[in-house]
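Chains A and B, in that order, are what the protein sequence lines are. Residue numbering for the first sequence follows full-length UniProt numbering, starting at 1 and increasing by one per position. Residue numbering for the second sequence follows full-length UniProt numbering, starting at 1 and increasing by one per position.
Honestly, the hints are just simulated from the structure, not real lab data. Treat the hints with care, since some could be wrong.
As the list claims (entries may be wrong) - Label pairs and their calculated CB-CB ranges:
id, chain 1, residue 1, chain 2, residue 2, range
1, B, L30, A, E36, 16 to 22 Å
2, A, A155, B, S5, 30 to 36 Å
3, B, T26, A, M1, 43 to 49 Å
4, B, A43, A, L9, 18 to 24 Å
5, A, G137, B, I15, 34 to 40 Å
Stated by the list, open to error - With a straight-line Cα cutoff of 25 Å, these simulated SDA-like cross-link-like pairs (lysine to any residue) come out:
id, chain 1, residue 1, chain 2, residue 2
6, A, K4, B, E58
7, A, K4, B, L52
8, A, K4, B, A56
9, A, K128, B, V44
10, A, K4, B, L54
11, A, K4, B, V44
The beta carbon of each residue, even a glycine, is placed where N, CA and C say it ideally should be.
So the chains spell out like this:
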Amino acid sequence: MAPKGYSRLQIALHWVVLPLIAVNLVFEDWIETAWEQVEHGGPALYDAGALAHIGVGVAVLVLALWRLGLRLGRGVPDLPAGNPPLMRVAAHLGHWALYAAMIGVPVVGLMAWFGGSEDLAELHELGKPVFILLVAGHVAAAVWHQVVLKDGLMARMKRAG
Amino acid sequence: MLRHSLPVFLPLALILSVAGVAYTVTMGHLDPQRLVAAALTGAVLALGVTPLMLRARE
Numbered sequence: 001m002a003p004k005g006y007s008r009l010q011i012a013l014h015w016v017v018l019p020l021i022a023v024n025l026v027f028e029d030w031i032e033t034a035w036e037q038v039e040h041g042g043p044a045l046y047d048a049g050a051l052a053h054i055g056v057g058v059a060v061l062v063l064a065l066w067r068l069g070l071r072l073g074r075g076v077p078d079l080p081a082g083n084p085p086l087m088r089v090a091a092h093l094g095h096w097a098l099y100a101a102m103i104g105v106p107v108v109g110l111m112a113w114f115g116g117s118e119d120l121a122e123l124h125e126l127g128k129p130v131f132i133l134l135v136a137g138h139v140a141a142a143v144w145h146q147v148v149l150k151d152g153l154m155a156r157m158k159r160a161g
Numbered sequence: 001m002l003r004h005s006l007p008v009f010l011p012l013a014l015i016l017s018v019a020g021v022a023y024t025v026t027m028g029h030l031d032p033q034r035l036v037a038a039a040l041t042g043a044v045l046a047l048g049v050t051p052l053m054l055r056a057r058e
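All chains, please: the whole structure from these sequences, using the hints.
Take a look at the structure:
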């Protein structure tokens, strides 16, 4: 049976991951200098920018895996009753796509960094528009629920249940 | 909690560290700094994979 709400830990992880993703999207150029060195066959340069980008990315990955474990173990609350089937499908697809991005983008980034692969680096860079689209869709859906449907969906990410 | 998680975390950390180093070496990179970083990253990732493994064992 699905729980009535998210746990405190699930809520905390949700809000902690958000600024981490934002930091790596906004300051993606932190790793540029170090990557240029790797791209030209040099030894990996662990300057502050590279360490910050990789550290934040690894944190997103670890926290996303942790959230996934909680989601599979404890479960998540059902969508509010009365949502049309298409909206339910879109919500599920959106959530799983976010998990795929939170796990896939850092994994590909790590493989690009440690393997020095330009192809994987380009694939990793595609993560930026993907994240922007997914997060924008996630926020738009939450605002739609709050403002148009007025079903109190956003409160579930404020108070544990 | 720790007694429950450590037997899963430690082998996972070892496996992911070795996998990280093996991948880096396979891709032709032998500089020690990168190898150590790959090993450490594998160990840190084990922190995230451990809850999944614990869940899978339940």
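Here's how the hints hold up against the structure:
1. L30(B) and E36(A) have their C-beta atoms about 20 Å apart, which keeps the hinted 16 to 22 Å range intact.
2. Taking 30 to 36 Å as the suggested C-beta distance range, the pair A155(A) and S5(B) conforms, at roughly 32 Å.
3. Between T26(B) and M1(A) the beta carbons are some 46 Å apart, a value that agrees with the proposed interval 43 to 49 Å.
4. At about 23 Å, the CB distance of A43(B) to L9(A) agrees with the hint of 18 to 24 Å.
5. About 36 Å separates the C-beta atoms of G137(A) and I15(B), a value consistent with the hinted range of 34 to 40 Å.
6. The suggested pairing of K4(A) with E58(B) holds, with an alpha-carbon distance near 22 Å, which does not exceed 25 Å.
7. Only pairs whose Cα atoms come within 25 Å are accepted, and K4(A) paired with L52(B) is accepted, the gap being roughly 22 Å.
8. For the hint linking K4(A) to A56(B), the alpha-carbon distance of about 23 Å falls within 25 Å, and the restraint holds.
9. For the hint linking K128(A) to V44(B), the alpha-carbon distance of about 23 Å falls within 25 Å, and the restraint holds.
10. Proposed proximity of K4(A) and L54(B) is supported: the alpha carbons are some 24 Å apart, at most 25 Å.
11. The hinted pair formed by K4(A) and V44(B) fails the criterion: a straight-line CA distance of about 32 Å is larger than 25 Å.
In this structure, only the earlier hint numbered 11 is contradicted, and the remaining ones agree with it.
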